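J.: These are the residues of each chain, in order.
There are 2 protein chains.
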Amino acid sequence: DDLAKAALKKTDNNENNPYANDPERHPALLVNQETPFNAESPPSLMMDHYLTPNDIFFVRNHMPVPDVDASKHRVKIEGLGVTKPLVLTVDDIKSGEFEEVSVTTVIQCGGNRRADMNRFKKVQGLMWEGTAIGNAKWTGIRLRDVLLKAGVDPSDTRIKHVHFEGADHDASGACYGGSVPFEKAMSPETVIAYQMNGQPIPRDHGYPLRLIAPGILGARQVKWLVTVRPSDVESPAHWQQKDYKVFPSSVQIGDPLDFSTVHSINEYPVQSAICVPAPNTKVERSDGEVDLAGYAWSGGGRGIVRVEVSTDGGQTWQCAELEQDPDQDVHHMWGWTLWRATVPIPEGKESFQVVCKATDRAYNTQPETPGALWNVRGLLNTAWHRINIQVIED
Amino acid sequence: DDLAKAALKKTDNNENNPYANDPERHPALLVNQETPFNAESPPSLMMDHYLTPNDIFFVRNHMPVPDVDASKHRVKIEGLGVTKPLVLTVDDIKSGEFEEVSVTTVIQCGGNRRADMNRFKKVQGLMWEGTAIGNAKWTGIRLRDVLLKAGVDPSDTRIKHVHFEGADHDASGACYGGSVPFEKAMSPETVIAYQMNGQPIPRDHGYPLRLIAPGILGARQVKWLVTVRPSDVESPAHWQQKDYKVFPSSVQIGDPLDFSTVHSINEYPVQSAICVPAPNTKVERSDGEVDLAGYAWSGGGRGIVRVEVSTDGGQTWQCAELEQDPDQDVHHMWGWTLWRATVPIPEGKESFQVVCKATDRAYNTQPETPGALWNVRGLLNTAWHRINIQVIED
Ligand SMILES: [Mo]
Ligand SMILES: [Mo]
Chain A
172 DDLAKAALKK TDNNENNPYA NDPERHPALL VNQETPFNAE SPPSLMMDHY
222 LTPNDIFFVR NHMPVPDVDA SKHRVKIEGL GVTKPLVLTV DDIKSGEFEE
272 VSVTTVIQCG GNRRADMNRF KKVQGLMWEG TAIGNAKWTG IRLRDVLLKA
322 GVDPSDTRIK HVHFEGADHD ASGACYGGSV PFEKAMSPET VIAYQMNGQP
372 IPRDHGYPLR LIAPGILGAR QVKWLVTVRP SDVESPAHWQ QKDYKVFPSS
422 VQIGDPLDFS TVHSINEYPV QSAICVPAPN TKVERSDGEV DLAGYAWSGG
472 GRGIVRVEVS TDGGQTWQCA ELEQDPDQDV HHMWGWTLWR ATVPIPEGKE
522 SFQVVCKATD RAYNTQPETP GALWNVRGLL NTAWHRINIQ VIED
Chain B
172 DDLAKAALKK TDNNENNPYA NDPERHPALL VNQETPFNAE SPPSLMMDHY
222 LTPNDIFFVR NHMPVPDVDA SKHRVKIEGL GVTKPLVLTV DDIKSGEFEE
272 VSVTTVIQCG GNRRADMNRF KKVQGLMWEG TAIGNAKWTG IRLRDVLLKA
322 GVDPSDTRIK HVHFEGADHD ASGACYGGSV PFEKAMSPET VIAYQMNGQP
372 IPRDHGYPLR LIAPGILGAR QVKWLVTVRP SDVESPAHWQ QKDYKVFPSS
422 VQIGDPLDFS TVHSINEYPV QSAICVPAPN TKVERSDGEV DLAGYAWSGG
472 GRGIVRVEVS TDGGQTWQCA ELEQDPDQDV HHMWGWTLWR ATVPIPEGKE
522 SFQVVCKATD RAYNTQPETP GALWNVRGLL NTAWHRINIQ VIED
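Chains as they are written, first to last, in UniProt numbering: chain A, 172 to 565; chain B, 172 to 565.
No lab work stands behind these hints: they were computed from the structure. Bear in mind that the values here come from a model prediction, so they are computed numbers and not experimental data. One thing to keep in mind: the hints can contain errors.
Pairs involving identical chains hold if they fit within one copy or between any two copies, as the list cannot separate such chains.
To be verified - Calculated lysine to any residue pairs in the SDA-like style (CA-CA distance at most 20 angstroms, straight line): (1) K292 with E539; (2) K331 with P359; (3) K331 with S358; (4) K292 with T487; (5) K453 with E492; (6) K292 with D483; (7) K453 with P407; (8) K308 with G369; (9) K416 with D500; (10) K331 with P497; (11) K331 with Q499; (12) K520 with G459; (13) K292 with I424; (14) K413 with D462; (15) K320 with E249; (16) K331 with D500; (17) K331 with H502; (18) K453 with P256; (19) K320 with D219.
Using the sequences and the accompanying hints, generate a full structural model.
T.: Written out as structure tokens, the structure is:
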């Protein structure tokens with residue numbers, strides 16, 4: 172296995188290795204898979220910043236990172252209702268013809284917190300812990316403005332979805348793809364971004380152009396964007412049709428999976444997690460209390476109205492302090508909520524469990540356990556997050 | 172107490188009784204409070220109709236029913252950004268100047284299923300069981316069209332909310348009121364309705380005009396509508412500011428309630444309940460199985476993608492058959508989902524529990540118990556609905 176990894180190292184320039192040209196990564200990233208590269212953020216570092224720094228932002232790649240020359244990169248706008256097809260260069264997009272806008276938004280992998288669900292009962296997929304999520308300020312132009320320039324009529328009822336394709340592709344040449352509902356594509360928060368936190372988008376995150384559709388599944392926010400295509404149906408891509416679907420808990424590993432019967436994931440449900448301290452941290456009894464920190468977020472722009480923590484398994488709860496983007500209102504809250512709370516160390520126990528849960532603007536909240544959420548692919552685990560803390564009698 | 176009730180009977184025409192002119196009601200309604208009149212639907216009758224019949228639709232009145240002469244009724248449109256104030260008669264509204272539209276939508280009381288939460292731990296409010304909810308087809312005109320005629324600019328960023336007032340009022344003359352976000356007021360599904368299921372709106376439901384804002388709390392859908400007022404702030408009315416707010420579970424009965432710290436309820440979270448059979452129904456072992464039926468619904472137009480039932484307390488689940496409005500898509504599903512399932516009678520038990528839960532388009536789902544949802548006013552109980560069934564050995 173070590174030999175296999177060595178063979179895949181970028182430095183060996185193996186021409187048969189499609190991953191040989193992947194970028195260098197920050198050593199603090201917690202690597203889940205080397206090829207394709209998948210890594211999550213170090214939890215405590217993530218908590219230090221409302222905007223997650225680019226170099227520790229989680230990476231979820233499905234294929235090798237394409238080696239894009241920005242001066243030659245093009246985005247095609249074509250398809251249903253497009254009366255003036257466009258081929259835009261990166262310079263066209265930055266020219267000022269389209270208004271520059273910024274949006275601060277979470278991107279969360281559909282598999283975030285899968286490992287927790289897997290500990291409850293075995294599931295299939297990359298074993299993400301709780302930091303396959305990050306919050307960044309993306310700068311670019313509204314997708315709506317580009318579609319309007321391409322002659323798309325906002326009231327064209329034939330158009331139901333907009334497809335996106337990336338420059339990343341598998342060995343057969345099939346490129347990554349996904350789609351969002353037409354209404355989301357036309358919403359002002361949906362952008363073609365060229366900057367992430369004020370810098371050119373890093374290669375791992377879609378250089379030079381990425382589709383940002385706040386409030387929905389990360390997998391739809393296509394990196395290395397090359398095609399925008401209005402359509403009457405959802406994207407035919409594998410990741411829209413045969414992945415990122417939540418089967419009922421009655422479907423077991425090994426059962427036939429009829430993907431056509433299940434809706435593709437679009438908006439994310441309400442989520443929260445504890446990032447500090449780490450699970451099984453040892454605290455001293457004489458400290459009397461423990462400082463906690465974490466994040467909360469919900470899909471569809473539904474702002475977080477409350478995060479609560481419990482040290483008695485959910486019998487009683489304490490409200491956490493919330494940090495939110497002051498420029499976003501509770502109906503259009505694309506950015507996350509960081510939360511902090513200090514809880515007393517319970518008397519007479521060698522260890523105790525800390526639990527957190529969040530409530531969003533629609534008063535949706537998280538289920539107690541992964542049990543009823545369990546699904547064969549381990550997607551969208553939003554059960555109460557629980558960690559154990561050890562107490563040292565000092 | 173019986174004497175007091177007799178004194179309040181409509182037939183005694185007591186001029187000091189503000190409820191003397193309330194309408195006659197269908198005897199099948201399950202009365203929760205006589206004055207103001209509050210009653211829920213009989214569960215099994217409700218399940219017989221996708222559109223809940225007007226005469227068994229739940230009634231949630233806060234004050235006496237106003238005695239409105241439709242020929243003299245007026246709706247004023249005034250306030251922030253209104254450059255051409257309007258005073259509309261019912262005939263103006265029906266004149267054809269504004270396009271007639273229909274929307275099938277649920278109205279659900281914020282206290283629906285409070286009795287279940289109260290059985291878990293005492294709360295304050297009317298003890299609604301699970302049928303303070305109904306689904307009707309409302310016909311009228313778009314609120315948006317009226318606001319545009321009144322000169323409101325859809326891009327006026329000063330306007331954040333739209334207030335509504337009803338003709339119902341308390342002894343001091345203060346009228347019922349509430350508000351919705353400006354964006355919701357301008358959405359095409361929000362209407363000033365004059366028909367409910369093809370009939371003039373019954374007096375108990377707002378004759379002659381009611382505001383219908385699909386996907387949000389029933390209490391905002393103001394009956395006997397007399398005022399529409401754009402504003403920079405939420406409605407100052409009692410029911411917006413000092414009621415219909417969900418406190419954290421840490422706030423107990425008797426604690427001071429600082430309403431200014433808590434968001435008003437707007438969109439409803441995902442909900443479901445079992446309506447058939449009734450709790451504690453006796454079934455015969457030899458039948459082998461039991462037929463179940465109920466409803467599911469979520470706020471914000473988030474369609475129901477799955478309803479599941481369990482007979483082992485949520486260890487294993489079975490998917491129910493769903494009945495939905497074929498004219499509504501999963502992103503704009505204002506109407507409810509009726510569901511049906513047949514479950515086997517578990518072996519070797521004198522009684523068993525049936526549980527249901529629903530999942531909406533954003534993959535939000537219901538929490539297992541009312542525990543973490545518990546709030547002093549017993550609002551928005553969306554915990555898994557559970558009923559017991561008795562088994563007769565025959
Ligand atoms: Mo993902
Ligand atoms: Mo209500």
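J.: The structure should be examined with respect to each hint, and the outcome stated for every one.
T.: Evaluated hints:
no., hint, verdict
1, K292 with E539, "both (15 angstroms within a copy, 18 angstroms between copies)"
2, K331 with P359, "both (17 angstroms within a copy, 17 angstroms between copies)"
3, K331 with S358, "both (14 angstroms within a copy, 18 angstroms between copies)"
4, K292 with T487, "between (27 angstroms within a copy, 13 angstroms between copies)"
5, K453 with E492, "neither (24 angstroms within a copy, 50 angstroms between copies)"
6, K292 with D483, "between (24 angstroms within a copy, 18 angstroms between copies)"
7, K453 with P407, "neither (49 angstroms within a copy, 50 angstroms between copies)"
8, K308 with G369, "within (7 angstroms within a copy, 49 angstroms between copies)"
9, K416 with D500, "between (30 angstroms within a copy, 18 angstroms between copies)"
10, K331 with P497, "between (33 angstroms within a copy, 16 angstroms between copies)"
11, K331 with Q499, "between (28 angstroms within a copy, 13 angstroms between copies)"
12, K520 with G459, "within (13 angstroms within a copy, 48 angstroms between copies)"
13, K292 with I424, "within (11 angstroms within a copy, 39 angstroms between copies)"
14, K413 with D462, "neither (42 angstroms within a copy, 34 angstroms between copies)"
15, K320 with E249, "within (12 angstroms within a copy, 37 angstroms between copies)"
16, K331 with D500, "between (28 angstroms within a copy, 11 angstroms between copies)"
17, K331 with H502, "between (24 angstroms within a copy, 11 angstroms between copies)"
18, K453 with P256, "neither (61 angstroms within a copy, 66 angstroms between copies)"
19, K320 with D219, "neither (41 angstroms within a copy, 50 angstroms between copies)"
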